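> Chains as they are written, first to last, in the numbering used here: chain F, 36 to 239; chain H, 44 to 134.
In case anyone wonders, no lab produced these hints; they're calculated from the structure. Predicted model only: the values in this text are computed from it and were never measured. Accuracy of the hints is not assured; some may be wrong.
[Unchecked claim] If you anchor each label on the Cβ, the simulated ranges turn out as follows:
| hint | chain 1 | residue 1 | chain 2 | residue 2 | range |
| --- | --- | --- | --- | --- | --- |
| 1 | H | Glu-102 | F | Gly-227 | 27 to 35 Å |
| 2 | F | Ala-151 | H | Val-57 | 35 to 43 Å |
| 3 | F | Ala-158 | H | Asp-105 | 21 to 29 Å |
| 4 | H | Ala-99 | F | Leu-220 | 28 to 36 Å |
[Claimed, not checked] Covered stretches of chain F (chain H as the covering partner; in silico rule of three or more C-beta atoms under 8 Å from a C-beta of chain H):
| hint | region |
| --- | --- |
| 5 | 44-56 |
| 6 | 145-157 |
[To be verified] Partial list, derived from the structure: chain H residues whose beta carbon lies under 10 Å from chain F:
| hint | residue |
| --- | --- |
| 7 | Pro-75 |
| 8 | Glu-89 |
| 9 | Ala-91 |
| 10 | Asp-105 |
| 11 | Pro-109 |
Even for Gly, the Cβ is constructed at its ideal location relative to N, Cα and C.
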Amino acid sequence: MWQALHEELRDFGFTVITVALDKSADDARPWIEAARPSHPSLIDTGHVVADLFNIVNVPTILWIDERSRIVRPNDVAFGTDTFKHITGLASAKSLAAVRAWVRGEAAAFTAEEIRALQSLPTADDQQARAEFALGDWLFRHGRAEAAARHFVRAGELAPHDFTIRRGTMPMRGLDPMGPEFRTMLAEWTAAGRPYYRPLPDTRG
Amino acid sequence: MTAESFTLVDGDHVSAVPASVIEALVAAGDRPLAIDRDEGVAYLGETALVRATRLASLEAPDFSLPDLDGRVHSLSRYRGQKVLLVAYASW
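Chain H on its own, in the form it takes in the complex:
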């Protein structure tokens, strides 16, 4: 069973689109697209080219994320300091 309309998630941007838009995105194939046809949801990711080009430029990509209190911090705010970025997890 395939949904007739989809929720398309593109980063923070969420829109309702007809199935024909999803098929057009599949045909275009220029960004990674994950689709759940039963649930009627699709997610547009970022290409390896965009990510790899940015990393190879050595300019750190900016990001904004919340702390435990919901306060949002951006990497760019710490420009002018040396930053040790540590990714970890409870698992």
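Same shape as in the complex, but just chain F:
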């Protein structure tokens, strides 16, 4: 778990910051209360962090160094092996990589290498985020039906964006584990899993 990693490495000048891309604090509450984090555990109902960092799915992790520089861009990494049977990604490797970085034992990516690993947002991605934000505003003002139109439009503009397509399902009365999600996942897989790019563990 991220909390255990935070405790293990905090004396090295390190902190975990978790951000829940959920529709409400109450949706994230059971997860946070179970984890009992001693690190900042934040709620981002408006997907502010997704917009700033071009995050399109969860879990996504980034490394930010002491000078506030992104030293490892968006990556898929799990704190546990709960989803390993689905994703094929073991948590141990990404945890080991974080440890080596924090202890100063790993060679850092160069700026050029980091940029080559980044995915930058397109105009359609940003229009999708505006449609999401409008839908979110409408939803919070009791206009769920109007909101749903903009969530759907956002998903058409950014079909690879799970934070939009799956993340808005609870606001559209849909089950994020249900048939709509399975259809979405099948389409995305058939399209070659756009945007899904686990990074190399270490450089070189």
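Since the structure of chain F is provided, determine the placement of chain H on it from the hints.
Just chain H now, kept in the frame of chain F:
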């Protein structure tokens, strides 16, 4: 049916504007704009250029968000430490 006046949302800034302002923003087209003409609400987003330029600079964009208790934390407060930023969700 199109509203005659709109609520324009620009980040945390919310203002009431006539429909003509929305049409001017559409014509200008310099920022992503999502519009609901029936509800009379529009949202101004940020451009791909601004976001991509910032990310490619590798300088992490700052943000401030609340925890469960409503206490607001900013990334910039952790300057001087290494930060593992983890985005997750209950869905």
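> Against chain H, does the region 145-157 of chain F show at least 3 residues with beta-carbon separation below 8 Å?
This one holds; 7 residues, not fewer than the three required, reach chain H with a Cβ under 8 Å.
> Could you tell me whether the CB distance from Ala-151 (chain F) to Val-57 (chain H) stays inside 35 to 43 Å?
Check passed, 40 Å falls within 35 to 43 Å.
> Assuming the hint says 28 to 36 Å, is it satisfied by the Cβ distance from Ala-99 (chain H) to Leu-220 (chain F) or not?
30 Å, holds
> With a cut-off of 10 Å, does the beta carbon of Glu-89 (chain H) approach a beta carbon of chain F closely enough for the hint to hold?
6 Å, holds
> Taking 10 Å as the limit, does the beta-carbon of Asp-105 (chain H) come near enough to a beta-carbon in chain F?
8 Å, holds
> Cβ-Cβ distance between Glu-102 (chain H) and Gly-227 (chain F): within 27 to 35 Å?
Since the Cβ atoms of Glu-102 (chain H) and Gly-227 (chain F) sit about 32 Å apart, the hinted range of 27 to 35 Å holds.
> At least three residues with a C-beta closer than 8 Å to a C-beta of chain H: is that true for the region 44-56 of chain F?
holds (count 10)
> Does the CB of Pro-109 (chain H) sit less than 10 Å away from some CB of chain F?
Check passed: Cβ of Pro-109 (chain H) comes within 6 Å of chain F, closer than 10 Å.
> Tell me if the interface restraint on Ala-91 (chain H) is satisfied: Cβ within less than 10 Å of some Cβ in chain F.
Given a least distance of 5 Å, the restraint on Ala-91 (chain H) holds.
> Holds or violated: the 21 to 29 Å window for the beta-carbon distance between Ala-158 (chain F) and Asp-105 (chain H)?
24 Å, holds
> Holds or violated: is the Cβ of Pro-75 (chain H) closer than 10 Å to a Cβ in chain F?
Holds - the Cβ of Pro-75 (chain H) comes within 10 Å of chain F, reaching about 4 Å at its closest.
In summary, the structure agrees with every hint in the numbered list given earlier.
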